[in-house]
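Protein chains in written order, with the working numbering: chain A, 1 to 322; chain P, 323 to 658; chain S, 659 to 1216.
Rather than coming from a laboratory, the hints here were simulated on the basis of the structure.
Some hints could be false.
[To be verified] Here are some chain S residues pointing at chain A (derived, C-beta under 7 Å):
| id | residue |
| --- | --- |
| 1 | Q911 |
| 2 | P945 |
| 3 | V946 |
| 4 | W948 |
| 5 | T1001 |
| 6 | T1055 |
| 7 | E1066 |
| 8 | T1087 |
[As the list claims (entries may be wrong)] Computed footprint of chain P on chain S, listed as stretches where at least three residues anywhere in the stretch have a Cβ under 8 Å from a Cβ of chain P:
| id | segment |
| --- | --- |
| 9 | 744 to 757 |
| 10 | 770 to 777 |
| 11 | 807 to 815 |
| 12 | 863 to 870 |
| 13 | 888 to 898 |
| 14 | 931 to 940 |
| 15 | 952 to 963 |
Virtual Cβ for every residue (Gly too), placed ideally from N, Cα, C.
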Amino acid sequence: MTDPTSPQRRSYGSLRKDRIDQLATAGTVTEEPGVSLIRSAWHRLRRNPVFLIGAGITLLFVVLAAIAPWVAPWDVTATPLLDKVRPQSNPVPGPEAGHLLGADDRGRDLFSRLLVGSRQTLVVGVVATLFGLLGGLTLGTVAGAIGGWVDSLVMRIVDVMLSIPSLLLAFTVASLARNPSQWTLVIAIAIIQVPIFARLLRGSMLAQRGSDHVLAARSLGVRPGAIVFRHMLPNSLGPVIVQATLSLAVAIIDAAALSFLGLGNPDQRQPEWGQMLGRAQPFITEAPHLAFYPAGCIIVVALGFTLMGESLREALDPKSRR
Amino acid sequence: MIRFVVRRLLQMCLVVLVLSMLVFAWLRSLPGGPVSAMLGERQTEERRAALEAALGLDQPLPVQYLKFLERAVQGNFGVSTKVLPGEDAFQVFLDRLPATVELSFLAMLLAIVLGIPLGYLAARRRGSLTDTGAVIFSLVGVAVPVFFTAFLLKYFFAVEWNLLPVSGRQSTGLDATRVTGMFVLDGVLTREWDAAWDALKHLILPSLALATIPFAVIFRITRAAVLDVLDEDYVRTAEAKGLTARVIRARHVLRNAMLPVVTTIGLQVGGLLAGAVLTETVFSFRGVGDALATAFREKDYPVLQVLIMAAAVIYVLVNLLVDVAYAIIDPRIRTR
Amino acid sequence: MSRTRSVAAWTTAVLAAATLAGCAESQRDDDGSSGGGEDSGTFVFGAAGAPEMFDPFYATDGETFRVTRQMFEGLVGIEPGTAEVVPELATSWEPNEDGTEWTFELRDDVKFHDGTDFNAEAVCANFERMFDQNEAGQTAGEYWGYVMGAFKNDAANSLYQGCEATGDYEAVVTISGPTSGFPTMLSLASLSMQSPTAMEEGDANGIAAEGEGFSFPDYADNPVGTGPFTFGEYDEANGTITLERNDDYYGEQAGVSELVFRVIPDESTRRQELEAGSINGYDLPNPVDWQGLEDDGNSVEIRDAFNILYLGFNLDGANPQLKDPKVRQALYHALNRDQLVQTQLPEGATVATQFMPDTVSGYNTDLQPYEYDPEEAKRLLAEAGAEGMELTFAYPTEVSRPYMPDPEKIYEALRTDLEAVGVKVNVKTASWNGGYLDNVTAGRYDAYILGWTGDYDSPFNFIGTFFGNLKENDFGTKGMPWGKQLADDLKAADAIVDEGERAAAFEEINGQIMEEYLPGLPISHSPPALVVGPGVDGVVPSPLTAEEFDSVTVEGGQ
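The following block holds chain A by itself, in its conformation from the complex:
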């Protein structure tokens, strides 16, 4: 059929593919002065306020998530304010001493749940992205290293996956689970990330194949396996890392969306932002803050990762070095 590397834009997912391909070549460290590129990138990042804000937000939430169980004032399953809950007159107890944000409709401390809720949300986002990365790396390496019909086959599958709206794909995968759990979300979100990483990695591997240092290694008689793992793969990782940062934001939003739709952990006792948001629906008129807090958290974290990823991309893009 067609040469998969040809610039023709044929099928539906072409735009996302274009962006991915572009990213693949943009950040690739093709020449030896890679060290200086990374150094200069870091140099610029350090003074980039956008990066600093993004990194700050991300760091803050990661640290909070890590220490949440120890700093949360209340156990998330405890119901200290349950006896104040009255479905009509006081459906959601308000803030009081010891309960900064009040409680939810089961009388559980809202602040503690928000704090601890960051864990599941972040963990699902990070683990799913890692899985997606792993799957994508494997597929992309295989396709990029072997080439030929393997490459065509893998890329056709990837194209099909990219052409389906990602959340719809995740929803379909998640709805198939017989015993839904946190892992359902992880797998569903990992699956939608696989094609993105696969395409990205393959693109930069292809670009590497013709590069000088790979040709040099080959002419020196280095084994193909060693070329792939020592030369091509490490040098292709730059754009993948950038993409991973950006994907994290999307993964967190998607994880929240899926558990909002009730596809996550059936045990609703452990807090998760998306699930908290979903549970807040009946209270939207009487206690909109129940929805407001988790929604705000999701936005801020996603923003942190996006700002960080965007500035990383810019810093690594050789074109932007004027």
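Given the structure of chain A, go ahead and fit chains P and S onto it with the hints provided.
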């Protein structure tokens, strides 16, 4: 060009066939089913069995599928069990389509009219406050669920300020002539201006809610594309040649940046249908999305099958159009 | 691409639109009055879902019955605001000695909406129509199957045996044996009286299985009854059903000239519509909103609770520990139902002492609630050797029932209590139609929450439904030594002709169920509410959630 289009259409038929199998198997692999939706608390194994036998759901999956295929070839996709019981499933789709077309069209229009200029502006002033602000705004659009956005829209515009109706497609008691099923268009065609205005008012809030995600995506793609183009040599050359900013913008930057944007718009149509499910539900908007939500909740298999497959066909068709548009915008790309 | 060509394309499109416009003429009436008489207004009610069809006989869900109830009447009716049976189309009825032949005296001043007479022949035509269903009709005519047991092709097993017009306005219905449910069951919306002429014209029984659904005859969209409202139209594209006042109604005329049901699937949207004044009321407002709605000048009408929420066990399933009555008692003592009712259920909810609400005859007033006593629970569990037992306990999602406004919340409370006495709860969930009901019926959970809203005022409609069918019930009573006894006792009690004796028998059974058998744990009765906006008068909340809107008036109209 024509050969290309024909080939793609043939490919589509194959895709639809494979898809119908997948959808058929997927729906039936989901737990629950139309029988529990019909029986509710009154169900017992015995009553379940009787109903399953009557509906042919007790037969092996391949047999069910072949029967479905046999009927489908004759243009019969089965009758709805819950969305509009007894009605032909394809007719349900046709009845609901105009509402969704009307809604999606306005939503897409809003997303484009807001997204492209804002994306262009953000790119021109990269790193500025405008830029960062717009990025945050677009992120909020993606991250906040529709029910929340919709609630706020309804709360302020309908309940507090009483400017627009809360939900629905037309005020109760308004006697309007129906022609196409797209109420605004109907009002215009029949010159019943009050009906057109009434329908338009009902459209504004849901299309705003539906537009948030495509807007965010179009905005970000435009921004990225314009940034890329600004870096290209030919733009710098043009700058060096001393062409006026207006000429550069119109002739070089926008035109070249439009390629990925057009593709995105095509891609967003698929996402729009997914968004319509929630939007139409919270705005009591009787379109395809609302039917899909009801059908999924009540396990109305025939309607689900028709709607999912129709969505796929529309999606493929729109992207075909996009590819054709692509070839028109950029003559370098030759379709084969 | 040349510019001229795109201009040409636009021109074509505009021309096409103009041509279309030429064909599209306004079909508006010139007088401009769009519904709504001058003397009274329109009552717009927000419905959560669309009706399935308009022939109540094949209908199964509340949204359909809410609409058909306004157009149709039964031989017997329900006193508004209660669950009591009162005369409606029949003025009186009398059974023979053994309760198998029922003579109904009919009203002689009733006409169907199509102008034909309602008389004894029409009654018998209705019964015959319901009895004589084809194969598809037998599965679709669910309520008849449920209360009568069988159709004409299996006449021996049917409760209904025949109908005879013994006079112009006197009909005799024969049933196979006495039951507490007859003639109360004739108040079911499904068994309403419909116009035999219209049914014949519209081929009312012409239902057929087609693919995975049923296709319905014309009649299902053109219903003809005797009630205070007549069918107007169903505007599918806009989700509105319009009924019009029946000006020839034999009784008091309806208070509004038009009754509109608007389909609004989302709960918070219904509230906003009410606040914006575009609807006059809606059903089952979220308990959280009750106070706020009242504060905004609406009135929340609370119905009497005619339902039961219970924690059910599968006694014939994978968990043998549940077969030990001590274990079940222990679990009952573990549940803090007072707290649950106070903090999670709407105002007016009560703790249940048995599997039926107190308004039903046969309710045993002597029964006391099992006390909340976690220590006793632990002691009993230890005695039974079941400390730290595991329990696969499930709840449904994507559903709200009158008896459980928010299943997850109720579940969470019960689960916390169970865990407090050392039970290891294995959390399971599925959506209501997406496997939950299937799994409960198939006995895949050890324990589950479920409930029941009474169809009509009869003890058998509650406990008979739960335990009367030995082979198949959600509790798996067939696995217990007393299961058969209980089922037989229930049937025997149901067949007692004398009302007093029958009530006594059911009271005794209720006592046995709670004190000896304990097949499940009754939790609560919750009052469902409905809300109407300012200016709306005359809504009488019905415990059966079967409101009739003919008494409603709307101040100022709409």
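Which numbered hints turn out to be false for this structure?
1, 9, 10, 11, 15
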